[in-house]
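*Asks:* Protein chains in written order, with my numbering: chain P, 70 to 355; chain Y, 155 to 310; chain X, 763 to 1518.
Hints listed in this document are in silico derivations from the structure and should not be mistaken for laboratory results. Cβ atoms here follow ideal geometry from the backbone N, Cα and C, with glycine treated the same way. There's no promise every hint is true.
Unchecked claim - From the structure, some residues in chain Y lie toward chain X, with a derived Cβ separation under 10 Å:
no.: 1; residue: D166
no.: 2; residue: E169
no.: 3; residue: F170
no.: 4; residue: N184
no.: 5; residue: G187
no.: 6; residue: L188
no.: 7; residue: G196
no.: 8; residue: G198
no.: 9; residue: D208
no.: 10; residue: Q243
no.: 11; residue: I247
no.: 12; residue: I280
no.: 13; residue: A305
no.: 14; residue: K306
no.: 15; residue: E307
no.: 16; residue: M308
What the hints assert, rightly or not - Below are the DSS-like pairs computed for lysine-lysine, each with C-alpha atoms no more than 30 Å apart in a straight line:
no.: 17; chain 1: X; residue 1: K1115; chain 2: X; residue 2: K1206
no.: 18; chain 1: P; residue 1: K311; chain 2: X; residue 2: K1206
no.: 19; chain 1: X; residue 1: K899; chain 2: P; residue 2: K227
no.: 20; chain 1: P; residue 1: K125; chain 2: Y; residue 2: K225
no.: 21; chain 1: P; residue 1: K321; chain 2: X; residue 2: K892
no.: 22; chain 1: X; residue 1: K1345; chain 2: P; residue 2: K104
no.: 23; chain 1: P; residue 1: K326; chain 2: X; residue 2: K892
no.: 24; chain 1: P; residue 1: K104; chain 2: Y; residue 2: K225
no.: 25; chain 1: P; residue 1: K128; chain 2: Y; residue 2: K238
no.: 26; chain 1: P; residue 1: K129; chain 2: Y; residue 2: K225
no.: 27; chain 1: Y; residue 1: K238; chain 2: P; residue 2: K91
no.: 28; chain 1: X; residue 1: K1516; chain 2: P; residue 2: K311
no.: 29; chain 1: Y; residue 1: K238; chain 2: P; residue 2: K149
no.: 30; chain 1: P; residue 1: K326; chain 2: P; residue 2: K303
no.: 31; chain 1: X; residue 1: K1155; chain 2: P; residue 2: K326
no.: 32; chain 1: P; residue 1: K104; chain 2: X; residue 2: K892
no.: 33; chain 1: P; residue 1: K89; chain 2: X; residue 2: K1115
no.: 34; chain 1: P; residue 1: K326; chain 2: X; residue 2: K1392
Said to hold, decoys possible - Have a look at the derived ranges for each label pair, beta carbon to beta carbon:
no.: 35; chain 1: X; residue 1: D791; chain 2: P; residue 2: K238; range: 43 to 51 Å
no.: 36; chain 1: X; residue 1: R866; chain 2: P; residue 2: A331; range: 42 to 50 Å
no.: 37; chain 1: X; residue 1: D920; chain 2: P; residue 2: V287; range: 52 to 60 Å
no.: 38; chain 1: X; residue 1: D985; chain 2: Y; residue 2: M186; range: 31 to 39 Å
no.: 39; chain 1: X; residue 1: S1276; chain 2: Y; residue 2: N274; range: 28 to 36 Å
no.: 40; chain 1: P; residue 1: E294; chain 2: X; residue 2: N895; range: 23 to 31 Å
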Amino acid sequence: MRYMQPSTAKEAATLLNKEKGKAFVLAGGTDLLVKMKAGMVEPDLVVDIKAIKGIKEIKKTASGFTIGAAVPCAALSENKDLVKTWPGVVEAAGLIGSKQVQGRCTMAGNLCNASPAADSVPALMAAGAKVVVTGPKASRKLAVEDVPAGVGRTHLKKGEFITAIELPKKAARSGDAYLRFIPRTEMDIAVVSCGVNLTLDTKGVITHARVALGAVAVTALMVKEAAIAIIGTKLDDAAKAKLAAACSAACKPIDDKRGTVAFRTEVAGVLARRAAETAYARAGGK
Amino acid sequence: MGVLVQTTVNSDPVEFTCSEDESLLDVLRNRMGLTGAKEGCGTGDCGACSVILDGRLVCSCLVLGAEMNGKRVETIEGMAEGAKLHPLQQHFIDGAALQCGVCTPGFLMAAKALLARNPNPSEEEIRFGLAGNLCRCTGYDKIVRAVQSAAKEMRG
Amino acid sequence: MSIDSMTPDLVKKHFKVIGNRVRRPDGVDKVTGRARYGADYNLPGQLVALVLRSPHAHALIEKIDTSKAEKLAGVKAVITSKDLPDHTQGDRGLLDILENCMARKKALYDGHAVAAVAAIDAATARKALKLINVTYKILPHVTDVDEALKHGAPVIHDHVYTEGLSEKPTRPSNHCKYAEYGHGDVEAGFRDADVVISRSFKTEQTHQGYIEPHSVTASVSPDGTAEMFVCTQGHFVYRNQCAALLGLDANKLRVTASEIGGGFGGKTHIWAEPLALALSRKANRPVKLTMTRDEVFRATGPTSSTSVDVKIGAKKDGTITAAFAELRYHGGCFPGNWAELGAMTSFACYDLKNVKSVAKDAIVNRPKTAAYRAPSAPMAAFAVESVVDEVAKAIGMDPLDFRIKNAAKEGTKSSYGPVYGPIGIGPTLQAAKNHPHMKAPLGKNMGRGVACGFWFNFGGQTCVDVNIAADGTVTVAQGTIDVGGSRASIAMAVAEELGISYENVRSIVADTSSLGHNDMTDGSRGTFSSSMAAIFASRNAVKVLRERAAKMWEISIGEVEWKDGAAHAVGAHHGNRSPLSLKEIAAQAGTTGGPVAGHAEITADGAGVSFGTHIADVEVDLETGRSTVKRYTVIQDAGKALHPSYVEGQYQGGAAQGIGWALNEEYVYGKDGRLQNAGFLDYRIPVCSDLPMIDTQILEIANPHHPYGVRGVGETPIVPPLATLGIAVTNATGVRQTHIPMSPPRVLLSLMSKMK
C-alpha cells in the first residue's frame, strides 16, 4: 500500500485519477481503517487529504458556512456560530461514534462512506447542504442528497473527491433538528433517524420544510410528502400525525441485526414528530 | 517501501519507519514497546487503545502510523511524572476504579482529555465523555466516582 | 498435614487488617500501563500465528490443501488436525476439547478452526491463510435449542445418545443429557393450589465480553519441554489439558499466567493454545497467537441460549404449594450439562415441599458453550422469578413479602438436594424491603422490579506458599488467578494471621512449575479458597516461627504463643523475656534451621452459597420500546468482606453484565447459521452513559466453613438482573416480558400486540 499526503486539492485529484489500482481518500480514517482491518478493502493507494490548504477550516461567509472536508466532527461543536445557526447539523455530526471517533471523523467521510445509516446525512439534506467536488480538471457542486448512489457507493467519478461542505444562509425564523434511534445511549449505528429543517412566518406557521430519513432505505431519503404535510400548519397534532404517517409510508427498510422492518417503520414516524417539535421550537415556534 | 515518521511521543522526539498500512496502535505496541494501549477490538468500538493526538482523544487503532509525522502523541506511559502519579491515576487506585485493569489506560486517557476541556463535569458529562471506553468488570460506578474525586482535587 | 486440625469451627470475628480498603499490589502497574497482559508478552524470534476458520455452520471437511501456503516465503509452519493426533486414550471429553480447538472431520459452527499458520509477520500470515484451500460439503445446520431437540433435526454427532434417561435411546440425537431434580409431589401440590401460573420464556445467547482478547505466546523446545505465557483463569488447567493434547508430560510444560483482562468463565477453557504449541513445535520457534475480536465472538465460549417453562402454584395465603420447571439449554456443538446446572439453581431460593426441575441439554451448530459467571443461573432465575412475581400479583400479595414468606433458610432442604446451613436469602429480602430504594417514588412510564438469585460457589484444590525473607517481609505465592484484586485479599489474610502490617506482605501468582495444582478461578472460588489456603499456610508458618523462638530461647514450643506479630513466652517464670518479633526471628533463620515458610495444599470444602436480591427502576419509552435503567440496587450476602471495595466491585460488575444481557446483548444468527454481530459495535454491551450509579449493600452472614466466614461473591450478582429488569419492564409496560434481551423492537412489539 502506498501513502501520499498532497498539499493541494489538484494534486490529490490527480493522484486519485491516475491510480490504476484501488485508491482511497483518507480524512478521519474512522471508516477506512475499519474496512482495512476487516479485510473488506485492500488499498493500493491512500491519499491523505489533511495537508491540503484550508481543508480543515470552518469559514463563515455571507452565503452561509463552508466546512472543509477534513474538519473533524468534534471541531464542529466547538464553533459557536455554527452551533447557533445549524444546531441540527452539529448535533447529528456529533453523534457519529464515540469521543475518540469524533476527534477524527468528518461529515464528508460520513457522506462518502454511503452507509444508509450515516448520521450527518439526513441533517445535511434537511439543511439543503451542498458539497464541493474537486476533480483533476474542474470542480462542481452537488446537493448532498445527490451524492449517495446506494449502499457504499457514491455518484462521484474517478479522481473526484469532496473538498468542502456548504451550508446555505439560514433564513430568519428557521430551526433544524436531528434525532436518531439507537438502543444504547452511545456508540450504536442509527436504527432509524430523521433530520428536519423548518422555516416559520411571523405567526408561527410553517412556510418551508425539509424532512429526511436515514437508515430506512438504501440511501437517506428526502420525504417530500412529510414536508407537505406540515407546511401551512403550526405543527398541531393533526399535522404531526400526517407527518409521522408520511414518514412511515416512505420507509423501505430491512430486517437486520439492528432492527426490524416493523420497528423502523413505526419509529421513523415517532422520530419525525419529535424532531419536528424540536426544530419548531428552535425556529421560535410556540 | 515504508514510511519514515518523525513525531513526539510523551514529549520525547521519536523517529521510526513503519509500513504504510500499520496503525498507530501497532507502531506504539510493536515498534516502541509502549504496550499500555491495548487492542480490544481493532475497530474503534472499545476505546482500549485510546491516546491523545495533538490534544484530541483518538483511538490509535483508527490512525495510521504514517499520519503521526509532525504530530504530538500522549500515551498512558507519559501520564505520570516519573514516580509521581497523575491525580486520576491515584484516584483510580484509591477508589478501586479498576478490577482487571485492561481498560484502565484507555479510561485514564479519556478522562484526562475530558477534564482538560471540562474541569468540572457533571455526572452525565462524565458518563457521555467516557462512553467510548468499554469496561466489562466494574459497571462504571467506581470509575465515574474516581473521575469526580480526581477532578475535585485537580480544581484545587 | 491434616486438615482437621485446621478446620475452622470457630469463625474469627475481630480483625486488624481484614475489612480495610487497602491498595492492591498490581494497582500502580495497571494505571501506568506497565502491567503485562497476554498480548504484551513477546519472545525473541517469535512468529505470528493466524487461524483459518470455517465460514459454514455445519460442513464436512473433504480436503484441506495447504501446499501453496507452505511454500510462501516467510511461512514457517502450517497445521491442520493431522498435526494434532489423538493422545486422549479414549477420554471423550478431552477429545471434544481437542476437536473444538481444531475441526477434525467436520466444521461444527461458523468460526470453527480448520487450519493455522505461523509466519514471520502478520501480513505474511494473512497471505498464507488465503492460500489454504478447503473443500467443504455443506450440511444442514440447526442453531435453535428447541429446533435441535425436535425429531427430524439434523443430528450433529452420531455418537451422542441421550444420557440420563431410564432407557438408552436407539438412535443418536442432539439431546445429549436429561436430568431431574426435586422432591415431593408436584402434581398433588398443584391440585392444592388456589392459583397456578404457567409461562414459557426464551433467552438469547450472550458472551462474557471481556475486553482483552485471548492471547498466547508459546515456545516448544527441541528437547520436548515447552513454555506458555497466556491470559487464563486457570493456568494449571491449561497446562494439564495442553500437555495432554500435545502428548507432553504435565511437568514439561511451564505455564505463566499474564495479568488477565477479564474472563468471567470464558478463559477457563483452552481455545487456540494447543494450536500455538503445535505450530511452535513444527516451526521450532516461539509462536504468538492473539485472537481478533471477531474470533473471540465466533470461536470462544459464549453462554447458552435457552427455552424454559415454569409453572408455580400457591395458596391465597402466599404459600407456594408446587413449583415445576423444564429447562432446555445447549452446550453449543459439544455435550454439556448447562440445563442441568440451571435446573439445580432454579428454585434454590425457596423452601418448597413439592418441587421438580427437568433439564434437557442439547447440541446445536454454535461455538462450544462456556461458563459465564454463575453459568445457567441467570436464565433460570429470569423464568422462575417472573412467574413468582406473577403469582404474587395474582393472589394480591406484595412480591417481596411473597418471597420472604417462602424463602429458604437454615435447615431447608434445597430443591437441588443439600440441606442449607446459615444462608442469606431471608436477610437480603428483608434488607431489600427496608432499603430506601423501595420507598423512592416512581416517575412516569417507570416500573420497579425486585428479584433474587443464588449461586453455589465452589472450593476446589488450592495451594499457597508463604515465604518469610531474612528482613522479615513476606512473599506469598498463590496459584489462583487474580481477576479482581484477590492478591490484596490474600496478602491481607496472611498479614492478619501473622500479626504484621499489610505493607509487609506481597502476593504473586506463581507459574505452574512453582506451585502445586490449583483449580481455576471460577465458581467464585478465587478469594474463598485462596484465602483459606493462605490462612492455613500462615498458621503453618506461625508454627515454624514458634519453633524457632523456642529454639532461640531454649524452651519448649508449648511455652511459646504467637500474638501481634511476635513470639511470646508464656508462663510466669518467663515474665522478663521480651517478645521476639517476626523480623527478629527471620533475621536468625539461617542459624535456627533455615528459611521460614508455611505451605498449604488443600481441597477447600465448604464454600458457602451466596444469595442476593436486586431492585431496579426502569423507564420505558412507550413509543419506541426503549428502556433506561434509572436506579439499581444490589443486596448480597458476602459472609465476610475481606476488602469491601472489591466486594462492591463484584456486585456492580455482575449487575452491569446482567443489565446488558437483559436489555441489549444477543448473538444474532442468520438463516445460514452464521453469526452476524461478531464485534462490539453490534454486540451491544453497556457503555458508561447507559447505566446509573449502582448502589450496593453487603450483608455478612458468616460461612461457618471458612476461618473468616468468607463466601464466594463473584457470580451471584449476575443472577438476579434478568429477572429484576424483566419484572421492572413488565410493570412499566403492563405486558409480561418473556424474551431476553428486551431489546426495543421486542418490547415495542409486545406493546403493540397488547394494544390490538
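*Asks:* Is the straight-line distance between the alpha-carbon of P/K326 and that of X/K1392 30 Å or less?
*Replies:* At roughly 26 Å apart (the allowed maximum being 30 Å), X/K1392 and P/K326 satisfy the hint.
*Asks:* Was the hint right that Y/A305 lines chain X, CB cutoff 10 Å?
*Replies:* 15 Å, violated
*Asks:* Given the hinted pair P/K125 and Y/K225, is their alpha-carbon gap at most 30 Å?
*Replies:* 15 Å, holds
*Asks:* Take the C-alpha atoms of P/K311 and X/K1206, compute the straight-line distance between them, and say whether it is at most 30 Å.
*Replies:* Given pair P/K311, X/K1206 holds - Cα atoms ~27 Å apart, limit 30 Å.
*Asks:* Under the criterion of a CB-CB separation shorter than 10 Å, is Y/E169 in contact with chain X as hinted?
*Replies:* 21 Å, violated
*Asks:* Hint check: is the beta carbon of Y/M308 less than 10 Å from a beta carbon of chain X?
*Replies:* 16 Å, violated
*Asks:* Would you check whether Y/G187 satisfies its interface hint, that is, whether its CB is within less than 10 Å of any CB in chain X?
*Replies:* Holds, about 9 Å.
*Asks:* Return holds or violated for the Cβ distance of X/D791 and P/K238 against the range 43 to 51 Å.
*Replies:* 57 Å, violated
*Asks:* Assuming the hint says 28 to 36 Å, is it satisfied by the Cβ distance from X/S1276 to Y/N274 or not?
*Replies:* 50 Å, violated
*Asks:* How does the Cβ-Cβ distance of X/D920 and P/V287 compare with 52 to 60 Å: does it lie in that range?
*Replies:* 45 Å, violated
*Asks:* Against chain X, is Y/I280 within 10 Å by beta-carbon distance?
*Replies:* 8 Å, holds
*Asks:* Can the restraint linking X/K1516 and P/K311 be considered satisfied, given a maximum Cα separation of 30 Å?
*Replies:* Status holds; Cα separation ~24 Å.
The structure shown violates the earlier hints numbered 1, 2, 3, 9, 13, 14, 15, 16, 17, 19, 21, 22, 25, 27, 29, 30, 31, 33, 35, 37, 39 and 40.
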